[in-house]
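Sequences are here, hints too, so could you generate the full structure?
There are 2 protein chains.
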Amino acid sequence: MSTTQHEGFDLSQIPGLAAQLRVDSIRSSTSAGSGHPTSSMSAADLLATLMSRHLRYDWDSPEAPGNDHLVFSKGHASPLLYAVYKAAGVVSDQELMNGYRRFDERLEGHPTPVLPWVDVATGSLGQGLPDAVGIALSGKYLEKAPYRVWVLCGDSEMAEGSMWEALDKASHYGLTNLVTIVDVNRLGQRGPTDLGWDLESYQRRVEAFGARAVVIDGHDIAQIDHALAEADGDLDKPLVILAKTVKGKGFSEVEDADGWHGKPLPQDKAEKAIAELGGESNLLVRGPAAPQIDRPEPTVGTASMPTFEKGEGVATRKAYGAALAALGDADPRVVALDGEVSNSTGTGTFVDGHPERFFEMFIAEQQMVAAATGLSTRGHIAFASSFAAFLTRAADFIRMAPVSRVDLRMVGSHAGVEIGADGPSQMGLEDLALFAATQGSTVLYPADGTSTAALVQQMAETSGVSYMRTTRGEYPGLYEAGEEFPLGGSKTLVSSENDDVTLIGAGVTLHEALSAAATLAEQGTRARVIDAYSIKPIDVEGISAAVEATGGRVVVAEDHHAEGGLGAAVLAGLASAPITDLHLAHLAVDGVPGSGTSAELLDWAGIDAAHIASAARSLLEG
Amino acid sequence: MSTTQHEGFDLSQIPGLAAQLRVDSIRSSTSAGSGHPTSSMSAADLLATLMSRHLRYDWDSPEAPGNDHLVFSKGHASPLLYAVYKAAGVVSDQELMNGYRRFDERLEGHPTPVLPWVDVATGSLGQGLPDAVGIALSGKYLEKAPYRVWVLCGDSEMAEGSMWEALDKASHYGLTNLVTIVDVNRLGQRGPTDLGWDLESYQRRVEAFGARAVVIDGHDIAQIDHALAEADGDLDKPLVILAKTVKGKGFSEVEDADGWHGKPLPQDKAEKAIAELGGESNLLVRGPAAPQIDRPEPTVGTASMPTFEKGEGVATRKAYGAALAALGDADPRVVALDGEVSNSTGTGTFVDGHPERFFEMFIAEQQMVAAATGLSTRGHIAFASSFAAFLTRAADFIRMAPVSRVDLRMVGSHAGVEIGADGPSQMGLEDLALFAATQGSTVLYPADGTSTAALVQQMAETSGVSYMRTTRGEYPGLYEAGEEFPLGGSKTLVSSENDDVTLIGAGVTLHEALSAAATLAEQGTRARVIDAYSIKPIDVEGISAAVEATGGRVVVAEDHHAEGGLGAAVLAGLASAPITDLHLAHLAVDGVPGSGTSAELLDWAGIDAAHIASAARSLLEG
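Quick note, the sequences are listed as chains A and B, same order.
With our numbering applied, the first sequence covers 1 to 622.
With our numbering applied, the second sequence covers 1 to 622.
Careful, some of the hints might be misleading.
Chain copies aren't distinguished; within one or between two, either way the pair holds.
[Unchecked claim] SDA-like, lysine to any residue: derived pairs with alpha carbons at most 25 Å apart:
| id | residue 1 | residue 2 |
| --- | --- | --- |
| 1 | LYS318 | SER344 |
| 2 | LYS144 | VAL300 |
| 3 | LYS318 | GLY262 |
| 4 | LYS144 | GLY301 |
| 5 | LYS144 | GLY353 |
| 6 | LYS237 | GLY313 |
| 7 | LYS263 | ALA599 |
Treat the hints as calculated values from the structure; they're not laboratory data.
Note that the structure is a prediction, hence the values are computed from the model and not measured.
Dropping the structure here:
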């Protein structure tokens, strides 16, 4: 490893810079009337030393592939981060004073990638470090780039299990390019943290999780500098710097005092604090240069997607795996992650073909989604999979993905009561609601191999959060190879000119709807059957036309709770193009299921062919 | 501490019992055609020793307050648990062979409290131990009972951060009544675990998190017995037994072999295995008796709920805190938990009055919900609070609550863009969707202090998962003290005989709707304004009548994404009582918000009074 060039300041200049960072943290938050100055002040010495002597960053080219990354896992210390940007000369004092936390400005209350120097949005504690693991995985294994990922963590957030998932994966993958700095200022929002200033406990935990721990006085510049310089050495473990600090450091009236979390200093106190800190200043500093490296454009071929025969039995989870592997053959940007169930989700097929682009996250779904988030910021097309039920574990990380402006592709297998014998703990019955409520998301639920493969290919090209729900069991192929499945579309599988009722299903309930239509046809009732493979966006036009054509009579059946899934999407779609005289029967799972066969449970839930046919007859009888 | 009476078997008898547990695990899963025999066989020696010599349990009185608790955090080892029940004489061999994993039977694929000896449902890995922390908190701090909580964990699930949240809280609260047994069998579902048989790493981690670790050979009966006996001693830390085991132990063909996770043995292999294990047997054993203790009925008084004046400014989060404190005054069963933000959520008011019934969970929302789950199983009325946004962190635990048949009361503050300057990471915009999609849930969203207090009181009496969404800012009181707010009801705040349009809001958007109605009135448009404080169940009748009376014209405004919230509930309600000629405008948050004032962001989201009035005018013009 090359040695960091100690450009920028020498050690004697750091205190002045740190004072400026504190002063600016106070000024911006007082000016905004909200924010976290004291949480910024505790880490100012750490950041002053880091930015001026260790962070290798080309501030004029935030996208430069050799740049280090700086993640504020304690996102509420945004005043400090923005003060760093001012000191680097990329944010003006005017923006700091007039833009912070203001409407339509980019210096938001917590950092987001609206700013070009921010990789991922933080502010939900316990996410920045897990996200950073994804960036470091890319640096070490995919980009093979010399950058380091520096993460500033709060001590309060070390109570989140996700932080330990992150450290576990960091050590498992030998991420010596990841430097975690914990600002142990002892005070959380409402009082002392769990461990307070018990640095020894932090050290034991961090070391037990496979990292190299360095305990320092977070206000001793020489100690800080020495610890940060360890990142230049030949590390054999991820580095974690545990810095004992004082909240509010630099202004005696609030130092280590309870009751000052998340509160700007009132104007008079702010003036006093600034005076105590030596007044305002406008030091500019840039640290060592980033290595000049190229990142070659990937060579992307045309994917040779798997094909499936109409009538051929295939589980959509298996079709997913085959499709992902095919995408991976053609596009080196495609990577996959799984939560220790790749033999069930189908992802195993990708692993077989591209082991070097697969990251096993073991049973740590939060870290899996966070790693996918970090990988996405580096331009990879990351697919993450687990059972649909267990993806709910990562709901807060999924919620934050649109704030981070990343593309997340997630696949949940074993959805619904269809899984049968394993019982309710393994049945995803809320996953559609979770993903549909995610800002800007796409939600897909194919019923056969052909549609699965086509939709997986489109997920790779879709921005934002996209989700595919797959099914455990094998069901016959419904479409010829080559059929197209546009997002926001639907397919009409059975229809005539004089249909009596529309049946809408997706996944397993589409097969049940087809069976119901056959039964109804024997009884003289003509049912139109629609495959709503695209739940968000839903095919408003196609579904409205079908419902209109069938006298407003429609049965929607889904293997999901009644809220937030297919039925809700159909209703919202119909509301935007109102049907006069709507008669809708919504069949969904209610009650807590037990174990059983698929058939028994689909019957129990009232979403099988017999119940769909019966609901249709009831609508016709009026 | 009293010494365990070593009733039941002496050590020489344990191997026979362990063989029976293995044989029965094989028999039940082979008979069912699915299940996890090899994951059961690794832990059979542990359970044979535990049940016969250490578990103090009155099998004929599962509710006896002195009973120990046995939680299978590795819920997939259900064949072993059910074999234990057979050996205790409470489940027949016939039920084991014909009931396991069958429809409408109680021996489900993963254990649930359908069985009287099961405290909480498991099967989503990483939840049993956190739930058990809640049971142990009750035992130590509330019941002050001598019971112990024994938890069998898998090694794979130690990768879940929630397990470390649990151990952290166990040591923080000194839960020496909690015994964690980790079955380190080295193999996960799709191959080796993260740490394999690196018992030293487990030991370092467990000790670093404040527990006493004991490493044993999990097939050496004497070692097991000695380790379990430590639970009888004077512990100063929670006990964690790290047992090195062999997956599939007892049948040489599958021992420590990959590819046998979650697979029953085929009939021929099962027969061979049973022969190798010495054949079938029907040993019956009961271990030491449980201490005979009483659990007095709590004395519950009549709560003197806080009152708020009409027009008085109060934040609903503050009203929540006052209401909870008042409930706590009257009912000793009421307990509270918070994720280190009790000064923001309002829970601080309860803490002030009842510090002994408050459990600070620090920033560990998964553990918070798990502890509430465990406390609920012990009869406490637990309220858990954090920012609405951060409750999503616990989505998988919330999903499992109905499977555990527990009553969970959760309150999410700082909902929506209304919070303003802090930005999107802190804005709950998906919380209603999450809670509404939860089986059997109740979702409430009051707009003033009076309704908040009334609804908090009802939450205490409501079974299943109930959720209240509260708001950051102060808004004027809308109701006189004493007004009633039935679940599933709504309030009409403005109406006349000839209204033109219905405006539906909840929380902050109700105040905006009222303001819109005033503006519309000035312009000659009569708007009916409805407070939909009960989102689930929604007031189908009241809302339908209002919409019908206003020519099918209705504006719904909500500070939430369009999916899964108030608008979706209204649509579902209207679909069940169809309106001819429905004209609905649904105003909800789309796009990623930034920072700003409440007013700026409500305007940006298009959900403020001006947008509601404008939408109403469009409906009337349209």
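Practice problem: Determine which of the earlier numbered hints do not hold for this structure and return their numbers in increasing order. | Solution: Hint 6 contradicted; others consistent.
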